[in-house]
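J.: Spelled out from the first residue to the last, the chains are:
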Amino acid sequence: MRITLTVNGRAHEVDVEPRDLLVYVLRERLGLTGTNIGCDTSTCGSCTVHVDGESIKSCTLLAVQCDGRAITTIEGLANGALHPVQEAFTSEHALQCGFCTPGMIMAAASRLNEVKDPTEEQIREGLEGNLCRCTGYHNIVKAVQKAAAAG
Amino acid sequence: MIPAEFDYRVAGSVEEAIGLLSGNEDAKLIAGGHSLIPLMKTRLARPSMLIDVARVPGLTGVARDGGTLRIGAMTRWHDLERDPVLREHCPIVAEAAGQVGDPQVRHAGTIGGSVAHCDPASDIPAVLLALDAVIVAQGPGGTRRIAASECFEGFFQSALAHDEVLTAVEVPVLDGAGCAYVKFNQRAIDWAIVAVAAVVRHSGGTISEARIALTNMGTTPVRARAAEAAMAGASGDAIAAAAALADQGTDPPEDTFAGAEYRRNLARVLTLRAVERAMGA
Amino acid sequence: MATTEHRPNIGATPRRKEDPELITGEARYTEDLTPPRTAHVVMVRSPFAHANIRGIDTAAAKAHPGVSDVLTAADLEGAFAAPLVCAWPIVDDIKIPPVYPVEGTRARYAGQIVAVVVADSRAAAQDAAELVEVDYDPLPAVIDPEEAMADGAPQLFDDVPNNVTYHWRSKEHSPVPSAGDPDPIMASAPVVVKERFRLERLVPNAMEPRSILVEPNASQGEYVMTSATQIPHIVRTVLTLITGVPEAKLRVIAPAVGGGFGSKLQVYAEDAICLALARRLGRPVKWTADRTEEFVSVHHGRDQWQEIELAADADGKLRAVRVRIVAGMGAHHLLLTPGIPMLGAWLYGGCYTADAYSVEIIGVFTNNTPTDAYRGAGRPEATYAIERAMDALARKVGKDPAELRRMNMIPTDAFPNYTIMSGLSVDSGDYTGSLDKLLATLDYQGLRREQAARRASGAARQLGIGLSTWIEMCGLAPSRVAGALKLVCGLWEACTVKVMPTGTIQVMIGVTAHGQGHETTFSQMLADQLGVDYDDVQIIAGDTLTVPFGMDTYGSRSLAVGGIAMHNAGEKVIAKARGIAAHTLECAEEDLEFANGSFTVKGTDRSFGIKEAAFAAWTAHNLPDGMEPGLEATYVYDPPNFSWPGGAHACVTEVDTHTGAVKILRYVSVDDCGVIINPQIVEGQVHGGVAQGIAEALFEGAQYDEAGNLVTGTMTTYLVPSAAEMPSFEVLNNPNAPSPTNPLGVKGIGEAGTIASPPAVINSVVDALSHLGVTNVERPATPERVWRAIQEAGQ
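Protein chains in written order, with this note's numbering: chain Z, 1 to 151; chain C, 1 to 281; chain G, 1 to 795.
Hints are supplied without guarantee of correctness; some may be wrong.
Okay, the calculated beta carbon distance ranges per label pair [unchecked claim]:
1. E15/C x R69/Z: 22 to 28 Å
2. Q220/G x E120/Z: 55 to 61 Å
3. E13/Z x G221/G: 39 to 45 Å
4. A149/Z x E571/G: 41 to 47 Å
5. P161/G x G154/C: 29 to 35 Å
6. R29/Z x P161/G: 54 to 60 Å
7. P20/G x R29/Z: 24 to 30 Å
Simulated from the structure, these hints should not be mistaken for lab results. We put the beta carbon where it would ideally sit given N, CA and C, even for glycine.
Could you put the whole structure together from the sequences, leaning on the hints where they help?
T.: Structure follows, in C-alpha cells:
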C-alpha cells in the first residue's frame, strides 16, 4: 500500500505492507534510527513518537493506521536549538546509556503539552509508560520539572 | 516482532465495515489496536484482514440526551479522561479512563475497542456494569441495544456477533449519586489485579443503593450482589460489614500477579474504600 | 615563585560528553546499522524446558520466499572448534559438560537454540522460523536448585550426578585463611540465629536488547563484529576459541550500548552463530533479540537458597558466621557462571568483626536459562544474607538494629588494610561514620517515635525503618588473586594517552562504557592531570582495533583499574614531556615543576607547555639524544588489591496491612566510594543502583510453571518498575576513607546501590510488621506476599 506520512515536517510517500509497524518504517525506510525498540508488548516506551502532536508507542501502531498523519520523532523535536526537555535531560544528568532517552523525552514533551505545571506525582504518573534501567528516574523527574519551569 | 501477513481496509462507514465483516470469518475490526496488535506481533492472533474503523465519521465524542450520555465507540481514553460533560455527570468513566494503561496507550485506545475485546482485567467493563450502561451495536439487521449485564459473556468474549460493529456506549447521568473506581496494581501501567467500581446513592451517611462491580474477579466483570444487598440501608460499621461480602459468588483467577485468596481479600478491602470514596470520605 | 595548581575538573559536574548524540537520536546502537546485503537471522528455540530432539524438518522453512538457509546443529558441525566457554572452573573437580551454540540432541531449557533461519528480511526470517518442524520428546524438568540436587530429580547430564556441578568450601578452597572454625562456636554460643532466604532469579533487562552484526571480508578471512557488549576484547578472544577465526583477523566493536548490568558481560551462543554464519555465507549477518526472546536467552542473575547462621554473645556481640548456599546455575555454564556465588563468599560477614567464618556453595544445574553476573554479582546476595540476619539477631537479643550494627562494626581506626573474617584485606573504611551520618539525616529517633505511635493506634498503614550497612569488593581485580580463585584470565587494564601535535589528546582505553559516563569522567581526570581543557581530551574505547588490549567493563572496575591505567599513562607522558622541556630550556629535569599544563624552571618565569612538548616531539627536530619521537605512552595496570566501598542505607516504608502494599516514603544512602571525580555521575549511579535493588526487593522475580516455562517472560508480567513506582532518593557521601591502594584514592560506585538496597527494603517491610509477629517476607515482597506474611503471623 502507498501511504503518506508527514515526518518531522516533511511529507513522505512510502510503499508499505499492512503488517509494517510504524517504528520499522521510521527506522528502516526513512533512516530515522533515533526511535528505539525495547520490548514487544507496548510496555517500555522506548519507541515513543508523537502522532499529530501526541505521544504514542510506534511499535504498537501499523504504519497504515498513520496514513496522512503528522509524526514527530526525536530527530525532529528540536526547532533549531535543543527542545527544553532535551536541554534539561543533559543538564540534570537524566540519562546514562541513552537507549530509553528518545522515548522518554518524547513522552515527557507530550505530557508537558497536556499538563503545564505538573507536580512530582503528575510527572511520575505521566512517565508510567516508559521504562529506564539506568537512572532510577530521580534525575528524569528533576529534568522534567526543570523543563516545565522553562516553559 | 512482526505480525503475520494480513489485508488491511479502511472503513468509510459502519455499513462498509459490516459488509467487510460479513464476507470474511477471519476479519477483525481495529480501532486503536493496542490490545490487538501486541497479540498479532506474538502471532497469538492472526486475522486475515483488519478493518480500520477509527476513521468512520460520527463515532467519537460524548453527547448528552436527557438522562443519558452517549459515548461514541471510537472515543479515546485520553478524550474521555478530559471530557467536561463526563467529568460533571458521570465522573467514574473519566476516572477509570485515566487509569487505563499509560498516556501513550490512552492516546490510542478507545472505549469501544476495549468493550469489544472483553478482557476481564480491563477497567471499563466493570464501570459499565456498575452503571447499568447500554452497549449499542449495529449489524446487517440494524441496531441492537445490549445491557451491560448481558454484554460481557465470557473470557474475552462479548455478546457482539462477528458482523456487528459496536458504535456507542450509553451511560446514565449520575446527578445525586456518588461514584468511585478504585484500582489495585503493582505498577501504574499494569492491568488491575482487582478493581472496584462503585456507584452509591446515600444521604446523611446512610446508603440507599449501592451498585458495585468488580474487575478481574472472574472470567467477566461481576456485580458484588451480596455486598450490594447488605449496603442498602447501611451506615457506619454496617457498611464495612457489607463490604466484607464483596467476594461472595466470585471465582477469581490465579495468575502470576496474585492468587485467588488474595484477590478475594482485595475485593473486600477495595469495595469498602470505593464505597467510602463514593460517599465523599 | 611557587605555582598554584588548578584542578578545575575533578569534583565538578561538566555537561556529559556522551549526551549530545543520545538526546537527539543521532547515536548508533548496533541495531541501527544495516549494511547492504545484510542477512537477517532468527533463532528457533526449544519451547520445552527439557526434551530429546528426535528430528528437525527444515524443508518448508527453506522453501519460504526470501530464505537463504535454515541450519541445525548437524549442518553446523565443523563450524565450531569448541563448545561455549566457561572461564571460571572454581574447583578442580567441577563438572563442565560441553554445550555447543546450537543444540542437536537434547534441549535443557526453554529458549535453547535448536535451529537458525537466515533470510533477506527480518519478516521473512520470522515467518520461516514458524515453519521449522522440530520433533521433541519432552522429559521431566526441574527448576528449583534444591529440588534439582535431591535424589530422584530429573538429571540434566548423565555424568553429573544429582545435577551438582561443584561444591566449594571456604575451609578447603579459599586461597587465604578465614578466621576460625565456626562449627564449635555454633554449638556453644549463648545466642544463635539461623535464617533461610530464597533469592529468586532476576532477568537483567538492559533496555537495549542484544544485537549483533558481523561483516565479513570473505576473501581475506577478516571479520568485523559490532555487538551490544560490555566486553569486546573478551568476546574476541573467546570467539576465536569457539569458531577458530584467528584473533588477529577478528575486530569487535561495541558502539553505543544500551545498558548492560552484567547481561552483556557474556559470550553467547548467538555471538558464535553470527560469526559462523558470516563466514559461511560471505555476507553481513545481523541478529537482534526481541524482548520476549531476551527473557529466556540472556543470562539471569541470583537464584539462590541461602542459610546463614550467626553465633553471638548474649549482648549481640557477633562471634561466628556460617553460611551454606545452594546456587542455581541454569542448564549449563556460561562464561563466569560457577564463580558468581563465590564472588560473594568473602562478604557474608559484612562490615563486622567475628572470630570464625565459613561458607560453602553447592552449584546445581537446573532446566532454565544459565545464570551469570548481574549487577553486583555475588555481592548483593552476600549482603542480603548478612544484613537480614543482623536484623534477626537484633530482634533476638532485644537491641535496636542500628545499635547492634554499630557495636559489631570494624572500627575506623583498624584501617588501612584490615583483614576481614573471610581472610581478604580491606583497604579502608569508615562504617560507623557512615552509620552516624545516616541516622542523623533520617532523624532516626523521630521515626522510631512515629512508628511507636502508629503501632499504638493500630493504624492500617504501619511504618518500617530498614537499615543496610554494607561493604563490597570491587575494582576487579588483582590478576594474581583472580588466578588464585581459578579465573582463567587476568584482570589488569590498559590505556594509551597520545598528545597530538596540535595539543588535543586522544585516550585509547580498554574499558568500555554503556551508560557509565567514562568519556566525561576520564576527560575530567586527564584534563586536570595534564593541565589541559576538558574539551581537549577525547576518549576512545570499545573497538579492539583501535584501543590497547584491555579486559573490559564489569565489577565497578572502570575507574579503579582503567582510570588508574590512564593516570599512570598520563604520568609517563608528563615524564617524557619533562625530558623535552628540560632539553629545550637547557636545565635539569629536577629543576622543573609541572602545573597547569606547563613546566616551569623553579624560581624563574621560564616555562614550556606540554602542548609545546607535543609539537616538539612530533617534529623531532630537537629531542634529547635517544628519545623516541611522539608524545604518547601506554600503561598496563594490575591493581595490588580490590577496592572496598562501603556505606549505610536506610529505607522508610509505609505498609498497608490490609492490602500488603508497600510504599517507600524515604530512601537515604551514605556511601564511601573513595574520591569522587564527578558527583553528578556518582549520584546517578547510586540512584540507578538503588532503584534496581528496590526492583529486586519489591517487584521482580522469574516465575516458572511446573513444566519449566518462564511465565513472567515479558515486560507485562516481569515487573520492571517505572517512575510511578519509585521514590526520590537522598544521596549522601562519606569522604573519610579514600582508598590508599591507588594514587587517586578512588574505589567504585557502579554496583553499590544494588548491593546495599535489597536488605534495607526488606528489613523495612519486616520492621513495619514485626509487632504483628512477622519475621520474614520473601522477595520480591509483592503485596500478596506481604499480606500472606501478616495472615500467617496472626495465626
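J.: Hint numbers the structure violates, sorted upward?
T.: 5
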